[in-house]
Every structure is written in C-alpha cells, then in structure tokens.
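Start from the sequences and build out the full structure, keeping to the hints where you can.
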Amino acid sequence: MTLHAIAPASTAEPAQATPMVRFNDVHKSFGIVEVLKGISFAVGRGEVVCLIGRSGSGKSTALRCINGLERITTGSIDVCGHAVTPDGKADLHAVRKRVGIVFQSYNLFPHLTVEQNITLAPRRVKKTAPTEARALAADVLAKVGLSDKIASYPEQLSGGQQQRVAIARALAMQPEVMLFDEVTSALDPELTGEVLKVMEDLARGGMTMVLVTHEMAFASRVADKIIFMHKGRVHETGPRDLLSRPETPELRQFVGTGL
Amino acid sequence: MTLSLANIVYLLQGTLWTVALALLGFAGGGALGLAVALMRVSRFAVLRLAAGTWIQVVQGIPLPVLIFLSYFGLGVTGFDVPALIAVALSIAINSSAFLGDTWRGCIQAVAKTQWEAADSLALNGLQRMVDVVLPQALRLAIPSTIGFSVQIIKNTSYAVVIGFIELTQSGKIINNALYEPFLIFSIVGLIYFMLCSPLSNASRRLEARLRARGA
Numbered sequence: 001m002t003l004h005a006i007a008p009a010s011t012a013e014p015a016q017a018t019p020m021v022r023f024n025d026v027h028k029s030f031g032i033v034e035v036l037k038g039i040s041f042a043v044g045r046g047e048v049v050c051l052i053g054r055s056g057s058g059k060s061t062a063l064r065c066i067n068g069l070e071r072i073t074t075g076s077i078d079v080c081g082h083a084v085t086p087d088g089k090a091d092l093h094a095v096r097k098r099v100g101i102v103f104q105s106y107n108l109f110p111h112l113t114v115e116q117n118i119t120l121a122p123r124r125v126k127k128t129a130p131t132e133a134r135a136l137a138a139d140v141l142a143k144v145g146l147s148d149k150i151a152s153y154p155e156q157l158s159g160g161q162q163q164r165v166a167i168a169r170a171l172a173m174q175p176e177v178m179l180f181d182e183v184t185s186a187l188d189p190e191l192t193g194e195v196l197k198v199m200e201d202l203a204r205g206g207m208t209m210v211l212v213t214h215e216m217a218f219a220s221r222v223a224d225k226i227i228f229m230h231k232g233r234v235h236e237t238g239p240r241d242l243l244s245r246p247e248t249p250e251l252r253q254f255v256g257t258g259l
Numbered sequence: 001m002t003l004s005l006a007n008i009v010y011l012l013q014g015t016l017w018t019v020a021l022a023l024l025g026f027a028g029g030g031a032l033g034l035a036v037a038l039m040r041v042s043r044f045a046v047l048r049l050a051a052g053t054w055i056q057v058v059q060g061i062p063l064p065v066l067i068f069l070s071y072f073g074l075g076v077t078g079f080d081v082p083a084l085i086a087v088a089l090s091i092a093i094n095s096s097a098f099l100g101d102t103w104r105g106c107i108q109a110v111a112k113t114q115w116e117a118a119d120s121l122a123l124n125g126l127q128r129m130v131d132v133v134l135p136q137a138l139r140l141a142i143p144s145t146i147g148f149s150v151q152i153i154k155n156t157s158y159a160v161v162i163g164f165i166e167l168t169q170s171g172k173i174i175n176n177a178l179y180e181p182f183l184i185f186s187i188v189g190l191i192y193f194m195l196c197s198p199l200s201n202a203s204r205r206l207e208a209r210l211r212a213r214g215a
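Respectively, the protein sequence lines represent chains G and F.
Quick note: the first sequence, position 205, residue 205 per the UniProt record's numbering, numbers continuous.
Quick note: the second sequence, position 51, residue 51 per the UniProt record's numbering, numbers continuous.
These aren't lab readings, by the way, just hints derived from the structure by calculation.
Glycine residues also receive a C-beta, built at the ideal position from the N, C-alpha and C atoms.
There could be a bad hint or two in this list.
Label pairs and their computed distance ranges (CB to CB) [said to hold, decoys possible]:
#1 F:53 <-> G:29: 30 to 38 Å
#2 F:211 <-> G:56: 29 to 37 Å
#3 F:211 <-> G:156: 15 to 23 Å
#4 F:109 <-> G:186: 20 to 28 Å
#5 G:189 <-> F:201: 44 to 52 Å
#6 F:16 <-> G:156: 43 to 51 Å
#7 G:138 <-> F:61: 53 to 61 Å
#8 G:156 <-> F:201: 26 to 34 Å
#9 F:79 <-> G:135: 19 to 27 Å
#10 G:135 <-> F:20: 48 to 56 Å
#11 G:31 <-> F:109: 22 to 30 Å
#12 F:113 <-> G:86: 23 to 31 Å
Below is the structure:
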C-alpha cells in the first residue's frame, strides 16, 4: 500500500481547550482478559481521530466504551461534558443523546422504513413533532445522497446504501460526536467508496469524529490524528502522515502488512 | 335410537362453548404470558426469578388439577366461581407459562445488535422494547403462537372434569343417551379437527414464509 499525505482535507479548527472526548487511563476487562490496559487520549472539537491496529488490539472496545456499550473497568472518559465511569451510574442517556455511532453491520431496524428508522429517536427521545421529524429525515437523507429511498425498507437497499442510512439515522439526533466502528469492513470494495465519501463530507463539515478503520488511505487523507493501538495500549500517535513515517517497529510492521 | 338433528344442534352449542373457552383462555394466557416473557428478560433479578418459578411450577401442574383448584379450591375459600370462569382461568394460567417461555425466546432471538442500536440512539428501556424489539419478536412468535392456539382448543376439553358442557361433554351426554360412542366421538373429533386444522395450516404457511425471508 502506498501512503501519501495529500493537502489538508479538514477545514476544522485545531483541537480546542476542552476536548469532546477524553480517555483518562481507561482499563477494560472481559472476565480475566484485560482488553484495554490503561489508555489515555483526547479528541478535540472538530477533530477526526482514527484508531488503527490489528484485530484484538482493543480499538473497537475503546470506541464502544465512549457511549457505554461496554462498561469500563477503571478510569474514566469525559464525553461532551459528561463523565463515563466504571460504576455505570454515568448519565449514559445524556451521553448517547450527544454521541452518534455507526456499526459495521449497519443495524438498521428491519421492520421500519428508512424514514421511520431516522425519525424514531428524534420523535421518542427529543419529542420532535412528526412533521418536523420528517423534514429532518429528508434533510439528513439528502446529506447522504439517498433522498429517493425514504420509503424503502432496509432489505431493499444495498449494503452501502444501508450504511449511509445508518449514518443519516445517527445524524438526525444532531450529535456533537460521531463514532464509526469499522463501517466499511462488511462492504464490497465498490460500495466502500460511497460510504467513505459521506464520511469525508462530514469531516469537512467540522464534525468531531472517532473512527475505527482499516482504510489506511482514508485515515492518511482525512484524519487529524492517528492512534495506533497495540495489545490494549496506545502504542503510537501522530498526525495524518504518521503511517508514512512510523517510529515503532510494531507500527512499521503493521503498515508493512498493508493492514 | 339414531342421531337426531337436535343432537347435532346440541353438539354445535357445545362447540360454541369450546370456542368461547379457547378465546378467553387465549386472551388471558396471552396477556399473562406477555407479562411473564417481559419479566423473564427484565434487568431485575427478582422479576426474572419470579417469572422463571411461575413457568416451572405451572408447566409442572396438569391442567385438570388447575381446573379442580380454581373450581373447587376457590369455591372453598368462599368465592363462587362459575365453571366457565374456572376453566378459562385455568387455561389462561396454563397457557401463560407456555406462551411466556416461547415469547421470551423470541424476544431474546432479536439480534443483540438491534438492542445496541436502540441503546445508542438514547432510547430508554421501554422505547427499546416497544419500538424495536417487540415488533421483531412478534414476527418470530407468530407461527409458534398460532401452533399453540391449537393446543389451547384441545385443552378446553379438560373442562369435562368438572362437567362443564363444552364440545366433549356434549358428546359424552349424547352418548349416555344413545350409546353410539364410535359415531358420536368421531363427530366430536371431526369438529375439533375443523377448528384446529386451519390454524395448523396457517402456522405452517407462516413459518415457511418467515424461513424464506430468512428471518
């Protein structure tokens, strides 16, 4: 794989004083297996941060800890002014209202149309009026280029289209941070591009984003910061050209394998 | 003596009571069963335990014993329970354990990723259940639920143990007068078959359709 840092892609401000997401020495164990061994990093407003690393390095787990899908064992995570803590008493509801997530397997609701998928959370959680929610759905669908699919069911869409709907569904909650968990890994190469394009547009629009990704070219083009995770730790961190000049042998080897 | 038109009308009246019992039993059993299923997947251990105990105990009690308990047992405590209510209540209790356990399985069969997607969108537990999980569980539950309704129809025949005049009891009464057991109980069996077979067929068709859709 050739890596090249192209001209700055993000028009976002540099990291602000108060980060949107900050990991403070976070540990996470599943039973006796420690998956996160004390990780700390910060994501500033408008920053695009890519987590990379081998399978099992803990990057997806780290991402899922941000909105409480996994409960951390020790440490804490500050998310949009709320603290996610090990005791589970954190106001996850408040965090989840501000943080959108997109999954590898889309996870659209199969019994609902595209429009209903998008309007469900705004209507139920924010009590948005039905007409307003429909306008919102039209708006976010236009952003992902799927205005004509508003009445379709998920099973009628391609994987790439489903993933773009999933992004639209998350955007409809007007999140302050968007999380992406290997969102193109289940897609054919020709469908990957359309999803990455939507994500790049979002990044340019100033959205704060944390991505777990295997798309190294994308990371090298769009990321403000790349975090290489290895064996449950943050092993190496750098700007978007990190991959073209890795310092640790582990990252060099990881880049060398093309994965 | 031969079977008269009046005998047939009598059997059909019994059939109506059988249908009434089945409907009452299904409605009561469905409502109770939903409560049992929801308790079974609750995040509160005490509710899960209570529902689990209910399922185990009720599934271990034969339906006629439940009928005796509700008819004579409640009678002793001073409640004058009409036979219809006693049998319907017993069927409801019996069905709640079976439907509750089946539906629990259907709820848990909805992919974990769907629960996570609902959580991630900040839906609360009730919204997650009503808007996301139950509609999908319902589709999974339809074939087995219709299948079990056949069981309920046949279970109504246990009402004979307290002499409630539904289809089986009507047949017994006519046979006492005519002594044509083979003929009369064949007719009774045929009527049960006509009540049940459309449901069995519907259940099979729906199951095939769900399989085809890969649900």
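Please test the hint of 53 to 61 Å on the beta carbon pair from residue 138 (chain G) and residue 61 (chain F). holds (57 Å)
Hint check for residue 156 (chain G) and residue 16 (chain F) - Cβ pair distance inside 43 to 51 Å: Since the Cβ atoms of residue 16 (chain F) and residue 156 (chain G) sit about 46 Å apart, the hinted range of 43 to 51 Å holds.
Cβ distance range 26 to 34 Å for residue 156 (chain G) and residue 201 (chain F), holds or violated: About 30 Å separates the Cβ atoms of residue 156 (chain G) and residue 201 (chain F), which means 26 to 34 Å holds.
Should the hint that residue 135 (chain G) and residue 20 (chain F) are 48 to 56 Å apart at their CB atoms be regarded as holding? holds (50 Å)
If you check the beta carbons of residue 211 (chain F) and residue 56 (chain G), does the distance land in 29 to 37 Å? Hint holds: Cβ distance 35 Å, inside 29 to 37 Å.
Starting from the hint 19 to 27 Å, judge whether the C-beta atoms of residue 79 (chain F) and residue 135 (chain G) obey it. Since residue 79 (chain F) and residue 135 (chain G) have Cβ atoms about 58 Å apart, the given range 19 to 27 Å is violated.
Falls inside 22 to 30 Å, the C-beta gap from residue 31 (chain G) to residue 109 (chain F)? holds (25 Å)
Indicate whether the distance between the beta carbons of residue 53 (chain F) and residue 29 (chain G) respects the range 30 to 38 Å. Distance hint for residue 53 (chain F), residue 29 (chain G) holds at roughly 33 Å.
Kindly confirm whether 44 to 52 Å is satisfied by the beta carbon distance between residue 189 (chain G) and residue 201 (chain F). holds (47 Å)
Looking only at beta-carbon atoms, does the pair residue 113 (chain F), residue 86 (chain G) fall within the given range of 23 to 31 Å? The hint (23 to 31 Å, Cβ to Cβ) holds, given that residue 113 (chain F) and residue 86 (chain G) are roughly 24 Å apart.
Is the hinted range of 20 to 28 Å satisfied by the C-beta distance from residue 109 (chain F) to residue 186 (chain G)? Holds - the Cβ-Cβ distance for residue 109 (chain F) and residue 186 (chain G), about 21 Å, lies within 20 to 28 Å.
Quick check on a hinted range of 15 to 23 Å for residue 211 (chain F) and residue 156 (chain G), using CB atoms only. holds (20 Å)
Figure legend: structure checked against the earlier numbered hints; the only hint not met is number 9.
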